[in-house]
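Once you have looked at the hints, place chain A on chain P.
Protein chains: 2
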Amino acid sequence: MKLKEYIKTVPNFPKDGIMFKDITPLIADARAFTYATKQLSDFAREKDADVIVGPDARGFIFGTPVALNLNIGFIPVRKPGKLPRETITEAYDLEYGHAELSIHKDDIKTGQRVVIIDDLLATGGTIEATIKLVEKAGGNVVGIGFLIELAELKGRHRFKDYPIHSLLVY
Amino acid sequence: MKLKEYIKTVPNFPKDGIMFKDITPLIADARAFTYATKQLSDFAREKDADVIVGPDARGFIFGTPVALNLNIGFIPVRKPGKLPRETITEAYDLEYGHAELSIHKDDIKTGQRVVIIDDLLATGGTIEATIKLVEKAGGNVVGIGFLIELAELKGRHRFKDYPIHSLLVY
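Residue numbers (our numbering), protein chains in the order written: chain P, 9 to 178; chain A, 9 to 178.
In short, the hints are calculated from the structure, not lab data. Any given hint could be a false lead.
Note: identical chains are not told apart, hence a pair may lie in one copy or across any two.
No more than 27 Å apart at the CA atoms, straight line, and that leaves these computed lysine-lysine pairs for DSS-like [unchecked claim]:
#1 90 with 12
#2 90 with 140
#3 23 with 113
#4 87 with 16
#5 90 with 10
#6 113 with 10
#7 90 with 16
#8 117 with 168
#9 87 with 23
#10 117 with 12
#11 113 with 140
Excised from the complex, chain P in its bound form (with noise of 0.2 Å):
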């Protein structure tokens, strides 16, 4: 399946310059959607998951159905002020702008393996920090699966140690 056929690029948002992949036309088709996740589902239960985690708010839309694939829980991991219980939080730079991201400090179990999904890779300043709230949670990333990878944004050499699985590389 085409999945690309699925995605559209806006260019010049959020700000000039930007070539925004636009992942709405993928989700409101049901057999791309569906075949999309599935493909994600191989990738994390390939890595043996315990849990999957996913970074507000696109990471929600692939990491949920990714997690119920596998019969396995979601941990979201959210902006600021967004969970009530103790939380771990991580200060990171976008491809433009900055942000914090936290995670429940009690979460994730000791040496459970994750697996994160996101919507896309661009630079890796999300996912950076998503790695370091699920590490200093305890967890162990197993993997990172995403449906876009914007390969000339080099995110992918941040995380040498790290798989990482694109569905689809622009």
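Chain A in isolation, oriented as in the chain P frame:
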């Protein structure tokens, strides 16, 4: 299955007087998460949904599995500045605070049967805005499904013309 055992009430979050319902223990448990999304899927199927709409961000966690279960598309309603194509936007009041939500103008086809899925019905501000967005985009809201309803806030009373189904009522 007693889903309430997987919801943690956190007092005074995000501010004094709010009894926050923490859904993260539920989604961290594969059996409870599968059960809850199956119940919401049964509701959406019964309403003969053509498409599922879910608001940013926890609506994604419950809405995407429902869309995949029914083999139909998922349309995200997002905070401003996140959707790259032409949008419609609604301002609304929250249980605590004020916000705006947007939908892509062309994502819903005229007359499509839309089921809205979200995690929680409080005062109903988010859902009122979401209904308006769906209807302005040409959709027909045939049902609204929640994991949790806070009955004392009477959000349901704002939506007398719409079938509402809540798995857990507090």
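We went through each hint and held it up to the structure:
Within a single copy, residue 90 and residue 12 get their C-alpha atoms only as close as 33 Å, which misses the 27 Å cut-off; across copies the closest is 20 Å, which meets it. In the homo-oligomer, the alpha carbons of residue 90 and residue 140 lie at most 27 Å apart both inside one protomer (19 Å) and across protomers (25 Å), since each shortest distance falls under that limit. For a Cα distance limit of 27 Å, the shortest separation of residue 23 from residue 113 across copies, 20 Å, qualifies, whereas the shortest one inside one copy, 34 Å, does not. For a Cα distance limit of 27 Å, the shortest separation of residue 87 from residue 16 qualifies both inside one copy, at 26 Å, and across copies, at 20 Å.
Proximity of residue 90 to residue 10 under the C-alpha cut-off of 27 Å is restricted to the inter-copy arrangement: shortest distance 25 Å between copies versus 36 Å within a copy. Taking the shortest Cα distances, residue 113 and residue 10 sit within 27 Å of each other only across copies (25 Å), while inside one copy they are farther apart (39 Å). Proximity of residue 90 and residue 16 under a CA criterion of 27 Å is satisfied inter-copy only: 14 Å between copies versus 30 Å inside one chain copy. In the homo-oligomer, the alpha carbons of residue 117 and residue 168 lie at most 27 Å apart inside one protomer (24 Å), although the nearest pairing across protomers, at 44 Å, exceeds that limit.
For the identical chains of this complex, residue 87 and residue 23 are neighbours both inside a copy (21 Å) and across copies (17 Å), given an alpha-carbon limit of 27 Å. When the C-alpha separation of residue 117 and residue 12 is checked against a cutoff of 27 Å, the pair qualifies only between copies, where the shortest distance is 22 Å, while the shortest distance within a copy is 37 Å. In this homomeric assembly, residue 113 and residue 140 come within 27 Å of each other (Cα to Cα) only inside a single copy, at 12 Å, whereas the closest approach across copies is 38 Å.
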